[in-house]
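Top to bottom, those sequences are chains A and B.
Taking my numbering, I'd label the letters of the first sequence as residues 0 to 315.
Taking my numbering, I'd label the letters of the second sequence as residues 268 to 711.
Don't take each hint at face value.
Among the chain A residues that face chain B by a calculated CB cut under 8 Å, a handful are [what the hints assert, rightly or not]:
no. : residue
1   : 40
2   : 106
3   : 108
4   : 110
5   : 224
6   : 227
7   : 305
FYI, nobody ran anything at the bench for these hints, they're computed from the structure.
Here a beta-carbon is modelled for each residue, glycine too, at the ideal position from N, C-alpha and C.
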Amino acid sequence: MMEVSANFDWTANIRKVVIGATKNEGGTRTSSFRIGGGTTLPFLEKTPQPPLIAFELCDTPQYWSPIIRNFCGDVVNSPAEWAKKAGSSYGADLIRLYLTSTRQRNFSDFGGIKKTVESLLSSTGLPLIIEGSNEPKIDSEVFLKCGEAGQGEKLLLGTAEAGRYRSIAAAALAYNHSLIAQSPIDINLAKQLNILLRETGVPPDHIVIDPYTGTLGYGFEYSYSAMERIRFSALKGDLDLAMPMICSAIDSLSVKEVRDAEPAAQDALAVQWEFYTGIAASVAGAEIVCVRHPQSIMKLKEAFRSLAQINTAGGE
Amino acid sequence: MALKALDIYKILPKKNCKECGDPTCLTFAMKLAAGKADVDLCPYLDENAKSVLGATTRPPIRLLTIGVGERSFAVGEEFVLYRHDKTFYHQPGIFLRVLDTRRHDEIAAITARVRDETFTRVGTGLRFNGVAVMNASGSAEAFAKAVETVEKTADLPLILIADKTETLAAALVHCGTYRPVIHAADRANFREMCALARQHGCLLVVRAPDLGELANLAKDCAAEGVQDLLLDPAPESLNDFIVRSTTARQLAITRTLPDLGYPIYLDAAKGSLQDGFLALGIVKYGSAIVCDPLTPEAAKASLTLRQNIYTDPQKPIQMNPGIYRIGSPGKDAPVLLTVNFSLTFFTLEGYLESSRIPCLMFIIDTEGLSVLTAVASGKFSETLVRDSIKKFGLENEVSHRKIIIPGYAAPLSGRIEEVSGWKVIVGPRDAADIGEFLHEEWKQ
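Using the sequences provided together with the hints, build the complete structure.
The following block contains the structure:
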């Protein structure tokens, strides 16, 4: 039988980034992950693990979709309990905490942030992604507190953008965390930001690219190709793009289709929206897929296992 | 490998007879090299020359039309692995599967659903494409009956799935003239299947889990005179599909293995993994996808994904510039200016609707660029804002003279005020914050 396989002539690999640290690795997490390392298009080679699924939650639920508040119930009022449940009951691999409390006007409770991060670190053993403030004036204080609270835990901190990356870079460097670098659906802007971060001293294996994911029907066509192009350029040898990617289609729960659905169908629609976006994003190169609906997790997990099944090309 | 125009020219008769429609043999050769002409147009080529040219000059993936009439559609004739290299041309057809063990009213209902259901997004009606009838009963008679029911209900593209050629033959009595697809030929039955396909003018699916064997089968079927083929790589897992489908596509478009140059068939009806298979079939080169009737939610999500992936990535989708109303805005309603990039528009529109504040969206023509890129490139300028205000008569729509601009356009605020005379309020950078912003900042 003839050997039938695709030929791509790739010259480079995606870098590996470590998220989370177990006891042996100097932290307290029950698991840690190495993402990246790919040498060809996603899933065309033996993959050590399926894409990871991060469950997104926040510390002030009034900022969250009512669909999720209704589905999850009272647990949303305690980010620590919510995170625990996300691991033990929803089946998430990672927790992504949005410190939405920092969006309040004249926010100054920096000690409170630190306590919240610490409470999650003790309630769940999963590695954490922490999203800091939206307000440049308090960035520095917020990220330092997050970094400090998670010292030794190899957090993934978010989110650096072209206009504001110094505070988060400083916190990541000071406490040896990684960070998310987000650019608006454009391969050149993604590269530019990574260069800025490199010049600031952030090691390239501490960067995860967020190409910005417009959800299904609302920009996903652009995000999908931006991700494919980033992966392609990385494999062709562009070291400033050779980082793993994270995708979070945060608008999935607020798109018209989901908002206008009958209440009885809203959960199912939200889950399908997150699922179809998430699986297509993973095929384009996302190694962490973030969701907000608990039911999206197991559905994606089943598909990711089938997608990452160990296999070789076509024809033996 | 593909032949160059000059290599092809050497094989042509060099008579410049114009019978192919081209002025010279050289121009015909150039068209052949680009995959834009068919060798059969030249009446003077012998069979040998045709077979040499045929394999290298036809489009790398064969163009097929599935079904006849209004709902027929084309698949194949694709050229790229990544949509950003060019675009994907022919979106996959989604076929809802009916089993011949189901009651006839159920079969008719599913058929009617494919006929009638439309989901409208961004001004386009999205639909399923056809019905796949599967012989689950084992009886040729039941299968023929089920096909007859589908036929009587609607004129839709059909796929007939059965193991035995006699079973397919019984059903083809009812639909044989409508170019149905029959599934599937394998090493054991391909001659009989080819005979059936020739007799009724069917499209034929060839099935094998091994791509080498799939290529050989396709070649053997073509030699039997059946060239309208689809390839079923028989995936058990999502990984099987992505590996086989990507490999087949790559080898076909590079003409490394031209016998894989046919559209891909995917059976996605695999229980709880159906949504995964369907999503993967859409993004990774499926052309005919069969699934069990989808829930309304899965239908919307999958049809939206297909619309996204088959949108030409080189054209930013643009909105028409002008004034759009949210709710029933009065003369004192806020005016929110933004660009005509559709993603920006729909995102902002969504958040404005959920804020429940009636307002006007004022869309300026940045040729589909986002706020950031339009500001950076100078397309979003104070003169554009001034001219757009005049052109669309914004003065007559509201009694005030205040305009809210995107946060990323803040550097333009002074200049816009100077040239337009309107007071500029700088809004948030993130559309998600617009509701809160309006509640707090918009006071008359």
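Status of each hint after checking the structure:
Against a cut-off of 8 Å between C-beta atoms, the interface hint on residue 40 of chain A holds, since the closest Cβ of chain B lies about 7 Å away. Proximity of residue 106 of chain A to chain B is violated relative to the hint, the smallest CB-CB distance being about 14 Å (cut-off 8 Å). Using the Cβ-Cβ criterion of 8 Å, the hint placing residue 108 of chain A at the interface with chain B is not satisfied: the shortest such distance is roughly 20 Å. Violation of the interface hint for residue 110 of chain A is found here, the shortest Cβ-Cβ separation to chain B being roughly 25 Å, above the 8 Å cut-off.
Evaluation of the residue 224 of chain A hint against chain B yields a held restraint, the C-beta minimum of about 4 Å falling below 8 Å. Given the 8 Å rule on beta carbons, the hint for residue 227 of chain A holds: about 5 Å separates it from the nearest Cβ of chain B. Hint status for residue 305 of chain A: holds, given a least beta-carbon distance of 4 Å to chain B, under 8 Å.
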